[in-house]
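2 protein chains.
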Amino acid sequence: MNSSVPYLLAILGEGVVPPSTMVCHGDDLGLLRGDGVFDATRIVTTEDGTSRIDHLEEHLSRFARSIAGIDGPTPDMDSWHRLIEDAARNWRVPGEATLKLVYTNGREVVPGPPRGFLIIAPLSETHMEEREGINVLCLSRGVTSDAFADAPWLLGGVKTLSYAVNVAALRYAKSQGADDVIFTSTEGYLLEGPTSGLVVKANDALWTTPTGTTGILSSITVNTVFEAADDNGVKTATRLMRRDEVLRAQGAWLLSSIRGVVPILSIDGHPAPHDDEMTHRLRVWAGFEE
Amino acid sequence: MNSSVPYLLAILGEGVVPPSTMVCHGDDLGLLRGDGVFDATRIVTTEDGTSRIDHLEEHLSRFARSIAGIDGPTPDMDSWHRLIEDAARNWRVPGEATLKLVYTNGREVVPGPPRGFLIIAPLSETHMEEREGINVLCLSRGVTSDAFADAPWLLGGVKTLSYAVNVAALRYAKSQGADDVIFTSTEGYLLEGPTSGLVVKANDALWTTPTGTTGILSSITVNTVFEAADDNGVKTATRLMRRDEVLRAQGAWLLSSIRGVVPILSIDGHPAPHDDEMTHRLRVWAGFEE
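Sequence order for the protein chains is A and B. Per full-length UniProt numbering, the first sequence starts with residue 1, numbered consecutively. Per full-length UniProt numbering, the second sequence starts with residue 1, numbered consecutively.
For reference, chain A alone in the conformation it holds in the complex:
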């Protein structure tokens, strides 16, 4: 391992292990089939090495729902809690990092139990820089906006390891000089980013896109800021929106647990509306600014 990149690895049932440890067999279903799930949140560590983890219970709940979504057994939450505590205690790198929980459905050839592990690694420079604002491309996800109705096999709202299209879309956007992507349905509705949820300010209210039949992942960061907005008298609602509506709105952001609240600067090269005051409020509500 390149010792210049701090990186912590802990395996369920084993604890913290050297980061060079290999974690899965050649026939692991998570590897061969993307038949596994993950969840990720931010861990913030002070100079004295004390860490706090953002919204851990919400992420663990979503992780358990994802495992159920791929017909995995009910996870032993006590074991996960102990593993996470053990990992957080061993992570002493000051600053912000990503805590990623990973579950796979076991092995394909040789019988074996499901596999669970976690990694902690510092936020990338790219994520840090993108917090200032991003230029996004709308890219078709190829699906209709109601594709996930009565189709549990499409794994709507399940955070699987099968993210090849998500990373390919991000690579495509970067090859075109953009920073990020908003996936669209075949009818032209904006859905979500490959690793983020969409929030729009319009008519002095905050809007996000509906989960459920759209297959959109329930964003813990969006849910968090919407609860705070409600508490602060800002109206919130869900709606499917088209690009041109968003361009005419009062502000647009992509939200995620690691990168936080990122203002969208442009969509497909068209300047997006911005609202610096709301950016600040959203960041405070999400726990990314004081």
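Hints are computed from structural coordinates only; laboratory data are not their basis. Be careful, since some hints might not be right.
Claimed, not checked - Computed from the model, here is a short list of chain B residues facing chain A with C-beta under 7 angstroms:
#1 D35
#2 L161
#3 V165
#4 A168
#5 R171
Glycine included, every Cβ here is placed at the ideal spot set by N, Cα and C.
Place chain B on chain A using the hints.
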């Protein structure tokens, strides 16, 4: 490892290794993101331990195209050939087995090169039994039939490791008492199986579904039998078909490199047409019968 399941593992740059060897790090992109590809074919081993591999060059070519599809570097085919030869020499289990080639785009946190390995394992009992005939369910893939036009980020025709929906659809079918799935577009066209291509006999010709804008994987087995059909004076063509057309046709099969040519017995509980003579011809052409 459970020693009752024979299983061979070989890693690119290392050669054949003990099957209990772990193959990837916790931050491997193939594992965390399904950001990798695979290909699979059949290896047949005689009682004296000599093996032949079906259509190896075609599978290696498709594997290389898949790697290019996720922006991986051009693979060193000499190294892959040597690894495969080494593996085949070491595989002495008489009968049919699956040879699976796997590539991942390297690591996410710690810089590292792409990862390549292969596994060989005997055909499962289920695959053997399913060769006699299968009952299939049509399940929506949520996509329109032209979704992949001008959308390279959707990875149409790329055999990625992101197969969570494919395995979830198979699990769903089995939970409903069926054996396999035909994915449909939102317009109701039959596309392909999760791990197989569709062939239909109608008007005394053989039909399969078009690749390209449908995102359907180019099936090496379908291509092989279509070439043989052309040579034998049986007309072949591609077309999008609906379920009811297939139910009124003369025969329907799901084809794949490992399981071979499998007659479809029923679709959504409706009896499918069958043509035992064509089943035999297709199997001969595909190399699964003499």
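Comparing the hints with the structure gives:
1. With a least beta-carbon distance of about 5 angstroms to chain A, the hint placing D35 (chain B) at the interface is held under the 7 angstroms criterion.
2. Annotation: L161 (chain B) was flagged as interfacial toward chain A, and the flag holds, the nearest CB pair being 5 angstroms apart, inside 7 angstroms.
3. Evaluation of the V165 (chain B) hint against chain A yields a held restraint, the C-beta minimum of about 6 angstroms falling below 7 angstroms.
4. Of the supplied interface hints, the one on A168 (chain B) holds, with its beta-carbon coming within about 5 angstroms of a beta-carbon of chain A, less than 7 angstroms.
5. With 7 angstroms as the threshold, the beta carbon of R171 (chain B) comes within range of chain A, its nearest partner Cβ sitting at about 6 angstroms, so the hint holds.
Checked against the numbered hints given earlier, the structure satisfies every one of them.
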